[in-house]
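**Student:** If you want the building blocks of each chain, they are given just below.
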Amino acid sequence: MRSSKNFDELRSLLPLYLKGSLPEKESKGLEKVLSENEELKEDLKFWEAVKKGYQKIESQLPEHDYRIYHRISNNIKTQNSRNAKIWKFFSLHPKFSFAIIIIQTLIIISSVLYFLSIEKEFKTLSVSNIQAEDGVKINVVFHEDAKEKEIRKLINEINGRIIDGPNKKGLYVVSIKDKEKINYTLDILRKNKIVVFAELAY
Amino acid sequence: MNNEEILIKKIAKQDEEAFRVLYENTSNKVFKYIYGLVNNKETAEDIMVETYIQVWRSAKNFKGMSKVMTWIFGIARNISMSEIKKQNYYNFDDNENLNNKFTVTPQQFQLTAQVEIDEIMQIALNKLSVKHREVLDLIFIHEMSYEDIAEILCIPINTVKTRIFYAKEKLREILNEMGVSKDAFF
Chain A
1 MRSSKNFDEL
11 RSLLPLYLKG
21 SLPEKESKGL
31 EKVLSENEEL
41 KEDLKFWEAV
51 KKGYQKIESQ
61 LPEHDYRIYH
71 RISNNIKTQN
81 SRNAKIWKFF
91 SLHPKFSFAI
101 IIIQTLIIIS
111 SVLYFLSIEK
121 EFKTLSVSNI
131 QAEDGVKINV
141 VFHEDAKEKE
151 IRKLINEING
161 RIIDGPNKKG
171 LYVVSIKDKE
181 KINYTLDILR
191 KNKIVVFAEL
201 AY
Chain B
1 MNNEEILIKK
11 IAKQDEEAFR
21 VLYENTSNKV
31 FKYIYGLVNN
41 KETAEDIMVE
51 TYIQVWRSAK
61 NFKGMSKVMT
71 WIFGIARNIS
81 MSEIKKQNYY
91 NFDDNENLNN
101 KFTVTPQQFQ
111 LTAQVEIDEI
121 MQIALNKLSV
131 KHREVLDLIF
141 IHEMSYEDIA
151 EILCIPINTV
161 KTRIFYAKEK
171 LREILNEMGV
181 SKDAFF
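Chains as they are written, first to last, in the numbering used here: chain A, 1 to 202; chain B, 1 to 186.
Read the hints as simulated data drawn from the structure, not as lab findings.
Treat each hint with caution, since some may be false.
Claimed, not checked - List of simulated lysine to any residue pairs, SDA-like, C-alpha gap at most 20 Å:
#, chain 1, residue 1, chain 2, residue 2
1, B, Lys13, A, Ile86
2, B, Lys161, A, Ser27
3, B, Lys60, A, Ile76
4, B, Lys29, A, Ile68
5, A, Lys19, B, Glu143
6, A, Lys19, A, Ile68
7, A, Lys41, B, Thr26
8, A, Lys52, B, Glu173
9, A, Lys19, B, Phe165
10, A, Lys19, B, Glu173
11, B, Lys168, A, Ile57
12, B, Lys161, A, Tyr54
13, A, Lys88, B, Gln14
14, A, Lys56, B, Ala18
15, B, Lys9, B, Thr26
Please take these sequences and the hints and turn them into a complete structure.
**Tutor:** Here it is, written out as C-alpha cells:
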C-alpha cells in the first residue's frame, strides 16, 4: 500500500510534470501511478485547466515599453559620471585628498585622546566606581541584625567613613585616613559583635 | 560558467554592453514576473527600472550561488513587495480586495456552459492572493523548479509544495463560489 506521504509527494510534482520540467525517471514513475489512481488523475485534470488559464493570461500580458532601457541606462550613466567627477576632482587636486586624510587622522587621534582622558582616573576593581584617595580601605560585612545606629557608632569609633556599599552580599567599603592605625582598627572591627567580616581592601 | 554568469562578471567591471545584452535576454521574463505581482503596467515598469539599476550596482556581489535569473527575480520581488506594502495595493495573504476587482456572479457560469475553461480559470487565478498566485506564476509562466522558487521566495522547498497545495485548494474554493462545479474540468 502506498503511503500518504509518497502520494502527497507525487501530487506536488503534477505541475512540474505538466510543464515538462520533471526528470524522465520521475515522469515515468508518476505516469505509472497516474494510470492506476483516479484521485491523481482528477488532480492532473485540474492542473491542466490551470495551465490553460495561464496560457490565456500569458497571451494577454502587456509588453513593456521599449524605452525602459534608456531610463535605466541614463540612470546608470548619471551615477557613473557623478562618481567619475568625484574621482577626477580628487585626482586633479591631490591637495584636497591629503587635506581630507589629515582631517580624518586628526579626528581619530583627538577621539582616542578624549577617550583616554576619560579613563585616566584610577578605579578600584574590588568595588564599583570608587576612586582612589588617600587613606586605607577596609571591606566590612555587618551582621544582618545590626542597626544603623550601631554601625554609625562603630564607624565613628574608628574615625572612618563608608565610601561604598552595601553590595548584593552586604559588603561595605570603609575608609580610614590614618594608615598606621590599620591593625588597631581591624582589631576593633573584628572584636565588635555586629561585624561578621573585616579585611583590608586591595 | 554559463553565458549569463559571464555577463554578470563583466557587469561587475562596469561593462555597459554586457549589461545591455543581459537586459535584452532577461527583461521580458522579469517584466512578466513583476507585472504578475503588481498587476499594473506603469508600476511594473518603474519597478523594472529599479531592479536593473540594482542589478548593475550589485553585480560585484553576485557569488554564483544561485542562477542569474533566480537572483534577478529575487531582487525584482523585494522591490515589488516594498512597493505593494507602500501603496497598500492589497493584503499579501488575503484576496478580499482582489475579489472586488473581478465581479463575476455564480449565475453567469451556471448559465454559460459555453464559457471556455481557460477563461474561467483565468478569472479564478486573478482572484488568488499574491502569496498563492506568485508560486503558480513561477511554475506556469516562468517554468521555475521548486528549488529556484524556494530561493526567490526565501522559503524551504517543502513550504513551496505546501503553498502549491493551498493555492490549489483556494482555487477550487474560488471556482466553487463562482458556481463552477468540481466536474467542470473532467
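**Student:** It remains to establish, for every hint, whether it holds in the given structure.
**Tutor:** Hints, verified against the model:
The suggested pairing of lysine 13 (chain B) with isoleucine 86 (chain A) holds, with an alpha-carbon distance near 19 Å, which does not exceed 20 Å. Between lysine 161 (chain B) and serine 27 (chain A) the alpha-carbon distance is near 17 Å, which keeps this suggested pair within the 20 Å criterion. Only pairs whose Cα atoms come within 20 Å are accepted, and lysine 60 (chain B) paired with isoleucine 76 (chain A) is accepted, the gap being roughly 15 Å. For the suggested pair lysine 29 (chain B) and isoleucine 68 (chain A), the alpha carbons sit about 14 Å apart, so the restraint of at most 20 Å is met.
Note on lysine 19 (chain A) and glutamate 143 (chain B): the hinted pairing holds, with a Cα-Cα distance of about 7 Å set against a maximum of 20 Å. Distance hint between lysine 19 (chain A) and isoleucine 68 (chain A) is unfulfilled; the C-alpha atoms sit about 31 Å from each other, more than 20 Å. Note on lysine 41 (chain A) and threonine 26 (chain B): the hinted pairing is violated, with a Cα-Cα distance of about 35 Å set against a maximum of 20 Å. Simply put, lysine 52 (chain A) and glutamate 173 (chain B) have alpha-carbon atoms about 18 Å apart, close enough for the 20 Å limit, and the pair holds.
Taken as a hint, the lysine 19 (chain A) and phenylalanine 165 (chain B) pair is honoured in the structure, with Cα atoms around 17 Å apart against an allowance of 20 Å. Of the pairs offered as hints, the one joining lysine 19 (chain A) and glutamate 173 (chain B) is violated, with about 24 Å between alpha carbons and a cut-off of 20 Å exceeded. Only pairs whose Cα atoms come within 20 Å are accepted, and lysine 168 (chain B) paired with isoleucine 57 (chain A) is accepted, the gap being roughly 17 Å. The suggested pairing of lysine 161 (chain B) with tyrosine 54 (chain A) holds, with an alpha-carbon distance near 19 Å, which does not exceed 20 Å.
Straight-line distance between C-alpha atoms of lysine 88 (chain A) and glutamine 14 (chain B) comes to about 17 Å, which keeps the hinted pair within the 20 Å bound. The suggested pairing of lysine 56 (chain A) with alanine 18 (chain B) is violated, with an alpha-carbon distance near 34 Å, which exceeds 20 Å. Between the alpha carbons of lysine 9 (chain B) and threonine 26 (chain B) the distance comes to roughly 16 Å, so the proposed pair stays at or under 20 Å and holds.
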